[in-house]
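**Student:** Here is what each chain is made of, one letter per residue.
There are 2 protein chains.
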Amino acid sequence: MALNKKPVTGMREILPAEMQIRDYVIGRIKETYKGFGFTPIETPCVESIANLCSKQGGENEKLIFKIMKRGEKLNWKEAENENDLADSGLRYDLTLPLSRFYSNHAANLPKPFKALQIGPVWRAERPQKGRYRQFYQCDIDILGDPTNMAEIELIQATTTLLGELGFSGFTVRINDRRILKAMAQYSQFPEARFEEVFVILDKLDKIGTSGVIRELKEAGFADLAIERCLQMFEEFNQSEDGIAYMGEKLSGFLEEGTTENLQQIAECVTQTAQTDFQLVFDPTLVRGMSYYTGTIFEIGMEGFGGSVAGGGRYDEMIGKFTGVQTCACGFSIGFERIVTILMDQQFRIPSQAAKKAYLIEKGMCSERLCEVMREAQNERSQGTQVLVTWMNKNKKFQKKQLEEEGYTEWKEFYINPLRQ
Amino acid sequence: MALNKKPVTGMREILPAEMQIRDYVIGRIKETYKGFGFTPIETPCVESIANLCSKQGGENEKLIFKIMKRGEKLNWKEAENENDLADSGLRYDLTLPLSRFYSNHAANLPKPFKALQIGPVWRAERPQKGRYRQFYQCDIDILGDPTNMAEIELIQATTTLLGELGFSGFTVRINDRRILKAMAQYSQFPEARFEEVFVILDKLDKIGTSGVIRELKEAGFADLAIERCLQMFEEFNQSEDGIAYMGEKLSGFLEEGTTENLQQIAECVTQTAQTDFQLVFDPTLVRGMSYYTGTIFEIGMEGFGGSVAGGGRYDEMIGKFTGVQTCACGFSIGFERIVTILMDQQFRIPSQAAKKAYLIEKGMCSERLCEVMREAQNERSQGTQVLVTWMNKNKKFQKKQLEEEGYTEWKEFYINPLRQ
Numbered sequence: 148m149a150l151n152k153k154p155v156t157g158m159r160e161i162l163p164a165e166m167q168i169r170d171y172v173i174g175r176i177k178e179t180y181k182g183f184g185f186t187p188i189e190t191p192c193v194e195s196i197a198n199l200c201s202k203q204g205g206e207n208e209k210l211i212f213k214i215m216k217r218g219e220k221l222n223w224k225e226a227e228n229e230n231d232l233a234d235s236g237l238r239y240d241l242t243l244p245l246s247r248f249y250s251n252h253a254a255n256l257p258k259p260f261k262a263l264q265i266g267p268v269w270r271a272e273r274p275q276k277g278r279y280r281q282f283y284q285c286d287i288d289i290l291g292d293p294t295n296m297a298e299i300e301l302i303q304a305t306t307t308l309l310g311e312l313g314f315s316g317f318t319v320r321i322n323d324r325r326i327l328k329a330m331a332q333y334s335q336f337p338e339a340r341f342e343e344v345f346v347i348l349d350k351l352d353k354i355g356t357s358g359v360i361r362e363l364k365e366a367g368f369a370d371l372a373i374e375r376c377l378q379m380f381e382e383f384n385q386s387e388d389g390i391a392y393m394g395e396k397l398s399g400f401l402e403e404g405t406t407e408n409l410q411q412i413a414e415c416v417t418q419t420a421q422t423d424f425q426l427v428f429d430p431t432l433v434r435g436m437s438y439y440t441g442t443i444f445e446i447g448m449e450g451f452g453g454s455v456a457g458g459g460r461y462d463e464m465i466g467k468f469t470g471v472q473t474c475a476c477g478f479s480i481g482f483e484r485i486v487t488i489l490m491d492q493q494f495r496i497p498s499q500a501a502k503k504a505y506l507i508e509k510g511m512c513s514e515r516l517c518e519v520m521r522e523a524q525n526e527r528s529q530g531t532q533v534l535v536t537w538m539n540k541n542k543k544f545q546k547k548q549l550e551e552e553g554y555t556e557w558k559e560f561y562i563n564p565l566r567q
Numbered sequence: 148m149a150l151n152k153k154p155v156t157g158m159r160e161i162l163p164a165e166m167q168i169r170d171y172v173i174g175r176i177k178e179t180y181k182g183f184g185f186t187p188i189e190t191p192c193v194e195s196i197a198n199l200c201s202k203q204g205g206e207n208e209k210l211i212f213k214i215m216k217r218g219e220k221l222n223w224k225e226a227e228n229e230n231d232l233a234d235s236g237l238r239y240d241l242t243l244p245l246s247r248f249y250s251n252h253a254a255n256l257p258k259p260f261k262a263l264q265i266g267p268v269w270r271a272e273r274p275q276k277g278r279y280r281q282f283y284q285c286d287i288d289i290l291g292d293p294t295n296m297a298e299i300e301l302i303q304a305t306t307t308l309l310g311e312l313g314f315s316g317f318t319v320r321i322n323d324r325r326i327l328k329a330m331a332q333y334s335q336f337p338e339a340r341f342e343e344v345f346v347i348l349d350k351l352d353k354i355g356t357s358g359v360i361r362e363l364k365e366a367g368f369a370d371l372a373i374e375r376c377l378q379m380f381e382e383f384n385q386s387e388d389g390i391a392y393m394g395e396k397l398s399g400f401l402e403e404g405t406t407e408n409l410q411q412i413a414e415c416v417t418q419t420a421q422t423d424f425q426l427v428f429d430p431t432l433v434r435g436m437s438y439y440t441g442t443i444f445e446i447g448m449e450g451f452g453g454s455v456a457g458g459g460r461y462d463e464m465i466g467k468f469t470g471v472q473t474c475a476c477g478f479s480i481g482f483e484r485i486v487t488i489l490m491d492q493q494f495r496i497p498s499q500a501a502k503k504a505y506l507i508e509k510g511m512c513s514e515r516l517c518e519v520m521r522e523a524q525n526e527r528s529q530g531t532q533v534l535v536t537w538m539n540k541n542k543k544f545q546k547k548q549l550e551e552e553g554y555t556e557w558k559e560f561y562i563n564p565l566r567q
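Those sequence lines, one after another, are chains A and B.
As numbered in my numbering, residues 148 to 567 make up the first sequence, in order.
As numbered in my numbering, residues 148 to 567 make up the second sequence, in order.
Here chain A stands alone, though its shape is the one from the complex:
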């Protein structure tokens, strides 16, 4: 019986042209982040089902690929629910595994620990264009630094990387979950429904003020609260120093130092920028994951809907493993998105090694072939990429194909050496 040629639903294969760009981007990521003292680590792709379903992952927990128990443990005839069949699953992000890793190894790791992770994660989303069920994430995290040096360095490193990859003119938006909360308190939304309010606010740039008002009303929030909230945004928009305005407006609701903290981050990032970008305080920035506890940030680019990077502070997640609170802050770049943008821009990798093809007439005797291969080995040892291949009947077509693969030089070898 013939086997199935297609990859499984929603997952995809990476062809040589894209793979070159991915390898290049990964190379730049490692180089740049290592320059900031981030250390690569790796965790297994498989995590225990108990950890994956521990409510850290929000909506992603509905999208887990579960791995079946094995042998006698798999007793499906007596299973009462799905989770009786599985004992592990594929990770849906790199943050949960990092938190577990850190809890497991903290004693042997530098303090603070600056981790770099690049690797695949899996989510069983409905297949659609540009969304795949296996995709790479690329995270940097600083564990154990309570100061905003963590935020500053994460934003510095990420913006420097984007600059290295040729991007400029992008926008870093920052906010703080505590400001969101204070705004909701000030506006007198009911505390139990804060997250709902945030989700609607988050849509401001997509549906506009009128859209936000409509959705808040439809959700049944009081007119007074909606009014107080929007009044505040209006004043904010007209203020000269948005962060200072919020600090004053929300004093009494805000933890002390919250706006000063943001101000320092904004100033230091701006003053040490290596690339052309702008940093703005955006009090409507929400970020989906509920594990964030303080600063949150996101990078957007004109013309590419959605963000190319996002992150924030999550000071409570690691404590769930250890019982001991450990502060943490991370920034994740949208690796797949960046690769897609570069592919669409027909990005050319700078300064690649020369690529040369040796075309050998078919039927060449073993001794001559050896000589040719020795020549190839010598060229390689001097840094040239040399492809040794049989000459096709249609040499012109073959060369055209090789050109498409990036080969710019050839050498032809014939059975009769006089032909060369």
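Incorrect hints may appear among the rest.
As the list claims (entries may be wrong) - Here are the simulated DSS-like cross-link-like pairs (lysine-lysine), alpha carbons at most 25 Å apart as the crow flies: (1) B/Lys558 - A/Lys220; (2) B/Lys558 - A/Lys258; (3) B/Lys209 - A/Lys224; (4) B/Lys177 - B/Lys152; (5) A/Lys558 - B/Lys177.
It is worth saying that the hints were derived from the structure and are not from the lab.
On the provided structure of chain A, position chain B as indicated by the hints.
**Tutor:** Coordinates of chain B only, in the frame set by chain A:
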């Protein structure tokens, strides 16, 4: 409830020190193999259960981590056997996915196609020291070249890589599945039990001639066959040119050109060697996988039991997907094994960038901190790795730890600049 700190059974995490070596080895692999014209590709870690269980994988098919069906498709109450619960699983090697990939994309790929794959695979083996359930494989394959140029290049590339990684004095053993078969025919073992004979022969270097005789007898093979077989090995050992001896001895049983083919490979590889190693013909080399159809090869190193690389020709596997026969030949290096050897040898990565740490007194004001960070950014843009971190109370201990992480230079920044 506290979460589980340990990774799932049999899988492991990779700490910074090992990760550095892994990254270095992957870098050398990509560099060296690209030099030979191999092109990186990637396939999903998940494959359909039908393909995984198609008898291509031999014993590995018993070790598959199966992924549960989702939603309505998962109907465990009416499941008759395990496979009714799963529709996919984690790949156990990179050869099956490559064969599927090639069948799917052959029209858009160069001919022959020279693929490089590096990635994790999973096998649910009984956990034991040095054996993990997730591990990396690293394969090069040449698809669509029926000539022994494929074998020659695969061995050249692999031995060159090992040389680049600092290894020398290793042994490449080669054989041909067709010689194994001819030997068994010549000895008059029953055709239906050839594979059993091969498995016992394969142990020759471990259990010696007497051990092989004992096991063959215990398995019930005829004394005459055992005698004919061992007589042949004795003559082979005394012959000056082992390949030529086998060619003569087995003429009538061997496909024409089989030994000449091996002879050419041996000669060309030896003559173009870039590293110090020896190549030997070993008629007892078997290689486990039944999909091999011709040449097989393996690299061993003195003092490291087991092989560090293995491969061969498998001309029939891709045809199982397409119905159209496509010849193929591959070589896989034991990535995990090589990393372990380098770790054991306390391998030092050559020519790393300078690593410098900036130690900043705690409580430094925001402006001064900005200045320090700007200085760090400038040094980074000149290629230095700069870690910016808060100074600990015990500075001596902190520096000792940083030294262990490879930092060789420091600079200290105090609140009172006169202290510097």
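**Student:** Does B/Lys177 pair with B/Lys152 here, judged by a C-alpha cut-off of 25 Å?
**Tutor:** violated, 34 Å
**Student:** For a C-alpha distance cap of 25 Å, please report whether A/Lys558 and B/Lys177 respect it.
**Tutor:** holds, 24 Å
**Student:** Going straight from one Cα to the other, do B/Lys209 and A/Lys224 come out at no more than 25 Å?
**Tutor:** Roughly 21 Å between the alpha carbons, so the hint for B/Lys209 and A/Lys224 holds.
**Student:** Is B/Lys558 within 25 Å of A/Lys258, Cα to Cα?
**Tutor:** holds, 18 Å
**Student:** For B/Lys558 and A/Lys220, compute the direct alpha-carbon distance and say whether it is at most 25 Å.
**Tutor:** violated, 57 Å
Violated hints, in rising order: 1, 4; the structure is consistent with all others.
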